[in-house]
Amino acid sequence: MTRVAASALEALGEVPDGATVMIGGFGPAGQPVELVEALLAHGATGLVVVSNNAGNGDDALARLVRDGRVRRIVCSFPRQVDSWHFDAAYRAGRIELELVPQGNLAERIRAAGAGIGAFFTPTGYGTPLAEGKETRVLDGVPMVLETPIRADVALVKAHRADAAGNLVYRRTARNFGPVMATAARRTVAQVREVVPAGALDPEAVVTPGIYVEAVVALDGGTAIAGVGA
Amino acid sequence: MTRVAASALEALGEVPDGATVMIGGFGPAGQPVELVEALLAHGATGLVVVSNNAGNGDDALARLVRDGRVRRIVCSFPRQVDSWHFDAAYRAGRIELELVPQGNLAERIRAAGAGIGAFFTPTGYGTPLAEGKETRVLDGVPMVLETPIRADVALVKAHRADAAGNLVYRRTARNFGPVMATAARRTVAQVREVVPAGALDPEAVVTPGIYVEAVVALDGGTAIAGVGA
Amino acid sequence: MTGTTTPAGATLTKDQMAARVAADIPAGAYVNLGIGLPTLVGDHLPPGSGVTLHTENGMLGMGPRPAPDDVDPELINAGKVPVTELPGASYFHQADSFAMMRGGHIDVCVLGAFQVSVRGDLANWSTGAPDAIPAVGGAMDLAVGARRTVVMMSLLTKEGGPKLVGDCTLPLTGLACVSRVYTDRAVLDVGPGCDPDGRAVVVERFGVSHAELEELLGLALGGAS
Amino acid sequence: MTGTTTPAGATLTKDQMAARVAADIPAGAYVNLGIGLPTLVGDHLPPGSGVTLHTENGMLGMGPRPAPDDVDPELINAGKVPVTELPGASYFHQADSFAMMRGGHIDVCVLGAFQVSVRGDLANWSTGAPDAIPAVGGAMDLAVGARRTVVMMSLLTKEGGPKLVGDCTLPLTGLACVSRVYTDRAVLDVGPGCDPDGRAVVVERFGVSHAELEELLGLALGGAS
Numbered sequence: 001m002t003r004v005a006a007s008a009l010e011a012l013g014e015v016p017d018g019a020t021v022m023i024g025g026f027g028p029a030g031q032p033v034e035l036v037e038a039l040l041a042h043g044a045t046g047l048v049v050v051s052n053n054a055g056n057g058d059d060a061l062a063r064l065v066r067d068g069r070v071r072r073i074v075c076s077f078p079r080q081v082d083s084w085h086f087d088a089a090y091r092a093g094r095i096e097l098e099l100v101p102q103g104n105l106a107e108r109i110r111a112a113g114a115g116i117g118a119f120f121t122p123t124g125y126g127t128p129l130a131e132g133k134e135t136r137v138l139d140g141v142p143m144v145l146e147t148p149i150r151a152d153v154a155l156v157k158a159h160r161a162d163a164a165g166n167l168v169y170r171r172t173a174r175n176f177g178p179v180m181a182t183a184a185r186r187t188v189a190q191v192r193e194v195v196p197a198g199a200l201d202p203e204a205v206v207t208p209g210i211y212v213e214a215v216v217a218l219d220g221g222t223a224i225a226g227v228g229a
Numbered sequence: 001m002t003r004v005a006a007s008a009l010e011a012l013g014e015v016p017d018g019a020t021v022m023i024g025g026f027g028p029a030g031q032p033v034e035l036v037e038a039l040l041a042h043g044a045t046g047l048v049v050v051s052n053n054a055g056n057g058d059d060a061l062a063r064l065v066r067d068g069r070v071r072r073i074v075c076s077f078p079r080q081v082d083s084w085h086f087d088a089a090y091r092a093g094r095i096e097l098e099l100v101p102q103g104n105l106a107e108r109i110r111a112a113g114a115g116i117g118a119f120f121t122p123t124g125y126g127t128p129l130a131e132g133k134e135t136r137v138l139d140g141v142p143m144v145l146e147t148p149i150r151a152d153v154a155l156v157k158a159h160r161a162d163a164a165g166n167l168v169y170r171r172t173a174r175n176f177g178p179v180m181a182t183a184a185r186r187t188v189a190q191v192r193e194v195v196p197a198g199a200l201d202p203e204a205v206v207t208p209g210i211y212v213e214a215v216v217a218l219d220g221g222t223a224i225a226g227v228g229a
Numbered sequence: 001m002t003g004t005t006t007p008a009g010a011t012l013t014k015d016q017m018a019a020r021v022a023a024d025i026p027a028g029a030y031v032n033l034g035i036g037l038p039t040l041v042g043d044h045l046p047p048g049s050g051v052t053l054h055t056e057n058g059m060l061g062m063g064p065r066p067a068p069d070d071v072d073p074e075l076i077n078a079g080k081v082p083v084t085e086l087p088g089a090s091y092f093h094q095a096d097s098f099a100m101m102r103g104g105h106i107d108v109c110v111l112g113a114f115q116v117s118v119r120g121d122l123a124n125w126s127t128g129a130p131d132a133i134p135a136v137g138g139a140m141d142l143a144v145g146a147r148r149t150v151v152m153m154s155l156l157t158k159e160g161g162p163k164l165v166g167d168c169t170l171p172l173t174g175l176a177c178v179s180r181v182y183t184d185r186a187v188l189d190v191g192p193g194c195d196p197d198g199r200a201v202v203v204e205r206f207g208v209s210h211a212e213l214e215e216l217l218g219l220a221l222g223g224a225s
Numbered sequence: 001m002t003g004t005t006t007p008a009g010a011t012l013t014k015d016q017m018a019a020r021v022a023a024d025i026p027a028g029a030y031v032n033l034g035i036g037l038p039t040l041v042g043d044h045l046p047p048g049s050g051v052t053l054h055t056e057n058g059m060l061g062m063g064p065r066p067a068p069d070d071v072d073p074e075l076i077n078a079g080k081v082p083v084t085e086l087p088g089a090s091y092f093h094q095a096d097s098f099a100m101m102r103g104g105h106i107d108v109c110v111l112g113a114f115q116v117s118v119r120g121d122l123a124n125w126s127t128g129a130p131d132a133i134p135a136v137g138g139a140m141d142l143a144v145g146a147r148r149t150v151v152m153m154s155l156l157t158k159e160g161g162p163k164l165v166g167d168c169t170l171p172l173t174g175l176a177c178v179s180r181v182y183t184d185r186a187v188l189d190v191g192p193g194c195d196p197d198g199r200a201v202v203v204e205r206f207g208v209s210h211a212e213l214e215e216l217l218g219l220a221l222g223g224a225s
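Protein chains in written order, with the working numbering: chain W, 1 to 229; chain L, 1 to 229; chain A, 1 to 225; chain S, 1 to 225.
Read the hints as simulated data drawn from the structure, not as lab findings. Just so you know, even glycine gets a beta-carbon here, dropped at the ideal spot from N, CA and C. It cannot be assumed that every hint is accurate.
Label pairs and their computed distance ranges (CB to CB) [as the list claims (entries may be wrong)]: (1) L:Glu134 with W:Arg71: 49 to 55 Å; (2) A:Gly104 with W:Leu9: 24 to 30 Å; (3) L:Pro16 with S:Arg147: 46 to 52 Å; (4) A:Thr169 with W:Arg72: 36 to 42 Å.
Now the stretches of chain S that chain L is said to cover, found in silico as 3 or more residues with beta-carbon under 8 Å [as the list claims (entries may be wrong)]: (5) 37-46; (6) 102-116.
Pulled a few chain A residues facing chain W out of the computed Cβ check, cut under 10 Å [stated by the list, open to error]: (7) Ala99; (8) Arg148; (9) Gly193; (10) Cys194; (11) Leu216.
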């Protein structure tokens, strides 16, 4: 059963030091901004973060990195024009980076959620990112063995939730949310609106409520073109 | 680009003898009845069929089996109260059976569509269905290595298509359609209605048109409770 | 988790067994009920329990059988029986549905069985008869995928032989996957860690003494009162 | 597939390169345009070509940049630039989006590059600079996932060195994955099977002779006219 929380901090719940935290979003789209702010306020440290990017400007993830609260980041694209805090921490050796091709990141997260122990993929074969990994030629194609990426908590942003925890997303803000929601012990979703159970089309649900431990409605702040009530 | 065909036979197109054909459906729900009828009329033989079941009563798949046109079937649940034709062919040694746990069937089909060369799963470990397969203990769990299942043609039934080949399904008739559509060289979908591109909600599309070679609108015959225009 | 109780009248009917299984399902749980006997459990979940039923053919939020006029051939459960859709339901395809099961997201899975071993091995897909037409369906995925897999079955075969055994003789569905067995004569815990001596442990008996159970099964059992 | 032509005036502008790439994209194809230079190709696809654009952050049916008033921060491409939605579009999550790419469903992928080797090896994610902040994104998935991967780049670096090389010296993105390279001075086929002698093969030249190309690249090239 999904909790409907009254604030981002209440939705976040307890996050132990050293926890692995997945953070949805691709660039600004789908970033659970207020939940990461809540994580900043919560105080957990020694975190492992799994996220496509490593923070922009002074956003909450960037401040977590700046403040030395992220021990390690698993990420496909840390470099941004404004990833100052990550860049500084990385150059100073204050943060460990596991650089993962974006498709491997998505598929390894899915594998964790789907109970797959490991899988072979051609992506990365023969490149520095596959160094030291087991390889095998399958059907004539050289492949690399990749393993699941799990988390203690996943923080995602969706468009709407219902009281059963079902989520629908909006446009390209969907990105990592649905796979991360399956791969964490607890998934917390911030949404624009929580509607009653039965108010979402069951055919259009993207993340079934079984994957969602808590939802919180936040107005979000960002104006979205063409989004009505 | 997806073809909008005028008949089931035109949608089916050319199926060479010896082809591997995926057939959607779980029990009666989602069975592409008219497309399998078209395959029967088409005449291709020596087929490998991938399908959850192996035909009921005198349905088209059962008749393909009866007439000796299916060399091999990859299937999770051939036994039905009315699977007479399969039962007879199997007992007479006229058909080869690869019995696959339903979750492995789905995941192996997905793997083919997703470019995964092989994957480890706990399902079936220590059972007769995993005999002879490679095993490995991962994170303390004994697992079996499973390989992709591909097809030359997938026949699926959806609810609606748009002119771009996007598909939406209906209730539990969704079942194998979306994964099979990704795993075949050509996917042919029978639907109740083809609507213009843009008439389906892009957030609710289940099978993107990229996976669909042809669609055909057929009224289907089965009365569906609660389905309006 | 009622602990060992004294014999209380007769063996259980199927509905009483289903009620006993239902009583152990936590409020708010996500549950998969296997085909056959376990489907009865759905009728005994108390209203307001917040239990959500999963059916592996692609749905969460499955409701009871429809009235005859509301039967929809596209809304069926894994046993191909018509069901209904509850508010908050969702549909998904086979790979997503089994990912949900295989990824450990279903809290409780209730399965039928031909045999369960004291180590929790399960045999429920094949009678092993040489002329049988095989069929496995989702059994192997369900057995090892859920957080907790329990079995609901008669204690004895029609011929009176035990179905809870030292070692399964029928083709296996999964190894060490069952943690509790609900039968008409007793509820027993099985599997790794349930007993330091490796026995099945009696949780509750119905119209039968501990000694009689051991006699029926030909096994030494833990949990003697 | 125009075959070798004679030099025709000057080297190509970026837009001319994009038009040249677009001219080779079959009608009805599903295409992914990498970030940077390749995104220009979208502007040169003829109306009615039926080409559908995929963006790996989770969309098929991507349209051009919106008018400033229609910018939606939740509708962006893989370069995080605002785009629009065309009729027939669909959205999907990252695993489904990369399954589409990695499963060989995208007909053509156009990527930028730092270096391409005559064997079709690609280096486009790292300059190898010791103090560089790394970033790979979807490059490695795109390189090996599409049915046909082509590269769009200037033939030479800013310093005048060749970007089409015998062996890549920068960290690799993928092995033997590129089949054609579109540059400002020539279009060349590369990769396994394009030439019995293992050379890159000149398809078309722009303002430069075959011998001059060989001289610029320091490579023997096939396709001399």
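So, going through the hints one by one against the coordinates:
no.: 1; hint: L:Glu134 with W:Arg71: 49 to 55 Å; in the structure: violated, 36 Å
no.: 2; hint: A:Gly104 with W:Leu9: 24 to 30 Å; in the structure: holds, 28 Å
no.: 3; hint: L:Pro16 with S:Arg147: 46 to 52 Å; in the structure: violated, 21 Å
no.: 4; hint: A:Thr169 with W:Arg72: 36 to 42 Å; in the structure: violated, 50 Å
no.: 5; hint: 37-46; in the structure: violated (count 0)
no.: 6; hint: 102-116; in the structure: holds (count 5)
no.: 7; hint: Ala99; in the structure: holds, 4 Å
no.: 8; hint: Arg148; in the structure: violated, 15 Å
no.: 9; hint: Gly193; in the structure: violated, 21 Å
no.: 10; hint: Cys194; in the structure: violated, 24 Å
no.: 11; hint: Leu216; in the structure: violated, 37 Å
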